[in-house]
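Based on these hints, arrange chain B on the given structure of chain A.
2 protein chains.
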Amino acid sequence: MGDQANKQIILKNYVNGFPTESDMKVRNVAIELKLPEGSTGVLVKNLYLSCDPYMRNRMSDVKGSYVPSFTPGSVITGYGVATVIDSGRADLRKDDLVWGVTGWEEYSLIAAAETLTKIQHTEDIPLSYYTGILALPGLTAYVGFYNICSPKKGDTVFISAASGAVGQLVGQYAKSFGCYVVGSAGSDEKVNLLKNKFGFDDGFNYKEEHDLDAALKRYFPNGIDIYFEQVGGKMLDAVLTNMRLNGRIAVCGMISQYNLEESEGVHNLLKLVHKRIEMRGFLVFDYYHMYPKYLETILSQLRDGSIVYVEDIEEGLENAPKALIGLFHSRNVGKQVVVVARE
Amino acid sequence: MGDQANKQIILKNYVNGFPTESDMKVRNVAIELKLPEGSTGVLVKNLYLSCDPYMRNRMSDVKGSYVPSFTPGSVITGYGVATVIDSGRADLRKDDLVWGVTGWEEYSLIAAAETLTKIQHTEDIPLSYYTGILALPGLTAYVGFYNICSPKKGDTVFISAASGAVGQLVGQYAKSFGCYVVGSAGSDEKVNLLKNKFGFDDGFNYKEEHDLDAALKRYFPNGIDIYFEQVGGKMLDAVLTNMRLNGRIAVCGMISQYNLEESEGVHNLLKLVHKRIEMRGFLVFDYYHMYPKYLETILSQLRDGSIVYVEDIEEGLENAPKALIGLFHSRNVGKQVVVVARE
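Line by line, the protein sequences give chains A and B. So in the working numbering, spot 206 of the first sequence is number 203, and the numbers just go up one at a time. So in the working numbering, spot 292 of the second sequence is number 289, and the numbers just go up one at a time.
In short, the hints are calculated from the structure, not lab data. Possibly wrong hints are sitting among the right ones.
Since the list gives no way to pick one copy over another, a pair counts as held whenever it fits inside one copy or between any two copies.
[Claimed, not checked] Listed next, the in silico DSS-like pairs over lysine-lysine satisfying Cα-Cα at most 30 Å (straight line):
1. K268 to K149
2. K60 to K231
3. K42 to K172
4. K272 to K149
5. K272 to K290
6. K214 to K268
7. K42 to K22
8. K290 to K9
9. K268 to K91
10. K194 to K31
11. K91 to K231
12. K268 to K231
13. K115 to K149
14. K268 to K204
15. K214 to K60
16. K9 to K194
17. K60 to K272
18. K60 to K268
19. K150 to K214
20. K149 to K60
21. K9 to K268
22. K194 to K204
23. K204 to K4
For reference, chain A alone in the conformation it holds in the complex (with noise of 0.2 Å):
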């Protein structure tokens, strides 16, 4: 096979603030569709690209970060579905399905190709599934839920941007669990999805709310058990005045943090004391030995209905950087997938 034109998304520089679209760039390069002889990589075709909130993260001259920064003037890197062209591993063939860490691009060389993970793909299951429920968003979900938030049957439980990838498992799962859950998002739509798809109990669209702590106190009146916590900021400090005593809170993000030149300060902390409440960060990585188990319940569960799931699907690689910039102003209805090719 000869050379193949090859679409990319290029970080044109490190990004101060709100990222724009104009941040990232199109371009156009030539690629060999064959490994290069003893390659111990893979090649593959891009299907479906994951934007998820920690690549903002990424986008920042950070040093010592958890996950490295991306290199301006190379391709965005992230996590995705592809096809496998070429392969240097023995457990991975041409036509193979695999998820894992790829390139923003129609073609990938994957050097370091640890995280391609394969997948058994049936039909009745969208293979897309696989940016989000079925890879680390879904084990993020059930982990932070199951490990981290320690529920017990009849538990309050707010969960903020609450219809997004991890959010609306979440919420599911501590509906199945008994509890009582609430959660927020940025537009009436997916408030709606909230309690007419997911089944939460409740939901309100933060950006109506002038007094958060006055939101929370009406939905629950005698406080909250869990918190879920994926925004930072404003809303950390209103649940922080609302939490019950004997609280937990998972920190799984802060969205709304990431863009800000310096983050807000967080006022209530003392309510840790006089709540006798246990705040825990996790990162999902620490959890990926769980996966396997993981994907054959939650596969059972997606086949039995008992789970259900939500996607908002945006066509073509040129328009990757507006969904992913999308995430940042809430504009995602579910889980934020960019299509590259369907086969």
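Frame of chain A; chain B shown alone:
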């Protein structure tokens, strides 16, 4: 017995910001040194009073706190050591020594006497210790270190307000557990105590550090496993940046924040995620059932010299306001006690 003069310390009005001596006043009243007929209370002569940071909270008009606010115009209450003059409680008799909640006055008629605990006094242990190491501050240190910090041998431990009633003990517990222990305090004299009296590995005077982050990096080049939090604000922010993976923060208090109209914002909470940190607030009242066992252990440790203890003794009830306010200016060297009478 007829009426007896009774000197009292009165809170004049609710306090905003830093309290001053003029927020309190000395008042002389008369008290009959005999319980009313049928009383189930206890009449005591106060000997030693405890000055504790949490008392600041009670000087403000706070609704729904874990401890009620003081009443302006009334005598200040707090923990202390006293001798029983007259008792309506079957298990307490004249001349018994007790510790528990009493008034900042020479004599107190304690109507709700449930907190009074009889002291089995022996001459080798100073009676004043029942305001600190042999009372709730001691139990706070014990519970905070062993139950909340989840210590492991070899852990690096940082303690703020380290020479105070609680900190000095936490440091000694951590050292005896096999940890590397550094404390911060508000004067060179106190830092000297940490290193040469309490056996800390090192210590620093936070008032002489312009850059707390740099100071912590100097003492913990490989990071902090356990932070025993007693000050909050800028120190907490600096610690968050210097925590190690899977670190633990036991939140005992935040004394730097108690006198601010609005607490300082804490900006580095996202480190909880990146470093997988557990941050947990606690109140000693939840562990009161552990006191008898704790007392037995600590008495034996004091007697064999494996634990040492330093008090800052203020003579005279009329100086109690000055002593209490000194806590918030870091003036006390060791546990702050006020002597009302020695017998």
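Hint-by-hint comparison with the structure:
no., hint, in the structure
1, K268 to K149, "both (21 Å within a copy, 27 Å between copies)"
2, K60 to K231, "both (27 Å within a copy, 22 Å between copies)"
3, K42 to K172, "neither (39 Å within a copy, 57 Å between copies)"
4, K272 to K149, "both (17 Å within a copy, 26 Å between copies)"
5, K272 to K290, "between (35 Å within a copy, 25 Å between copies)"
6, K214 to K268, "both (16 Å within a copy, 28 Å between copies)"
7, K42 to K22, "within (20 Å within a copy, 80 Å between copies)"
8, K290 to K9, "neither (40 Å within a copy, 64 Å between copies)"
9, K268 to K91, "neither (56 Å within a copy, 41 Å between copies)"
10, K194 to K31, "neither (45 Å within a copy, 70 Å between copies)"
11, K91 to K231, "neither (50 Å within a copy, 55 Å between copies)"
12, K268 to K231, "both (15 Å within a copy, 17 Å between copies)"
13, K115 to K149, "neither (36 Å within a copy, 39 Å between copies)"
14, K268 to K204, "both (25 Å within a copy, 26 Å between copies)"
15, K214 to K60, "between (40 Å within a copy, 16 Å between copies)"
16, K9 to K194, "neither (39 Å within a copy, 58 Å between copies)"
17, K60 to K272, "between (35 Å within a copy, 14 Å between copies)"
18, K60 to K268, "between (32 Å within a copy, 14 Å between copies)"
19, K150 to K214, "within (21 Å within a copy, 43 Å between copies)"
20, K149 to K60, "between (39 Å within a copy, 29 Å between copies)"
21, K9 to K268, "between (43 Å within a copy, 27 Å between copies)"
22, K194 to K204, "within (21 Å within a copy, 56 Å between copies)"
23, K204 to K4, "neither (37 Å within a copy, 57 Å between copies)"
When each numbered hint is compared with the structure, violations occur for hints 3, 8, 9, 10, 11, 13, 16 and 23.
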